[in-house]
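Hey, can you work out the whole structure from these sequences and the hints?
Residue numbers 123 to 360, in my numbering, belong to the letters of the sequence shown in order.
No false leads were slipped in.
Once the Cα atoms are required to be at most 25 Å apart in a straight line, the calculated DSS-like pairs of lysine-lysine come out as:
| hint | residue 1 | residue 2 |
| --- | --- | --- |
| 1 | 321 | 299 |
| 2 | 299 | 168 |
| 3 | 321 | 168 |
FRET-style restraints, in silico, Cβ to Cβ:
| hint | residue 1 | residue 2 | range |
| --- | --- | --- | --- |
| 4 | 339 | 304 | 32 to 38 Å |
| 5 | 334 | 312 | 31 to 37 Å |
| 6 | 191 | 264 | 22 to 28 Å |
If you are wondering where the hints come from, they were derived from the structure by calculation, not from laboratory data.
Source: prediction; values computed, not measured.
No residue lacks a Cβ here, since even glycine has one placed at the ideal position from N, Cα and C.
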Amino acid sequence: MSLQPDDQATKPPRAASRGWLRGVVLAGMAVVFVGVTVGFVGFLAKLRGVEVAPASRADGIVVLTGGSSRVSDAMELLAGGYGKRLLISGVHPTNAASDISRSLPDNQQLLTCCVDLDRSAINTRSNAAETRRWAHERGFRSLIVVTSNYHMPRAIVELSHAMPDVRLIPFAVVGEKWRDEPWWTRGATVRLLLSEYVKYVAAELRVRLADAGLDLTPELADHPEGSPAPSPATAQAN
123 MSLQPDDQAT
133 KPPRAASRGW
143 LRGVVLAGMA
153 VVFVGVTVGF
163 VGFLAKLRGV
173 EVAPASRADG
183 IVVLTGGSSR
193 VSDAMELLAG
203 GYGKRLLISG
213 VHPTNAASDI
223 SRSLPDNQQL
233 LTCCVDLDRS
243 AINTRSNAAE
253 TRRWAHERGF
263 RSLIVVTSNY
273 HMPRAIVELS
283 HAMPDVRLIP
293 FAVVGEKWRD
303 EPWWTRGATV
313 RLLLSEYVKY
323 VAAELRVRLA
333 DAGLDLTPEL
343 ADHPEGSPAP
353 SPATAQAN
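Following this line, the structure appears as structure tokens:
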């Protein structure tokens, strides 16, 4: 009488090892996917859906260029007495104050007396560095931060890391498209949010490493020599 060989007994060890490794990889990918999904949901929870007046007044106001109506909203806050001066950070080097004044004809006096332009910043990190310099030169201990709602989490990470001694009060600008229809119905908005989430996570990781004494990207990297000029009217689409 012949016996059929036991499949398990004759299964090659290499094949069993590959099956175990495949299971570990799939389990790891599942954990990463769940982690990213939970993190993205947490990121979305940080985003305001409506504009809310700042909780309090501050010494100064800073607006990070790169989105529609950010500067006009910041000017309204300045006119309302929410801050003594306004810094517009990330203005293109070729843009003069007159270019901004033409777009804000109702705020000529404020533009002349109480607005400073930063033309050096090329990204959110250098926005933070230039804002720190401006705030410290003027002795400001509190700032209202004006930027788009999707950009606010990353902006606060960079600004709070650059200025731990300055109190930051966020004012999130909510675009018309965001208010008019759900973000998940527009592919461009979904891509924007995913991209911003990745940048936010990268900024959080870099800041945490820097706080631990491991700065992989020194601040000087914000101003690389020979870097291409940013697009007109803004340093970067923050």
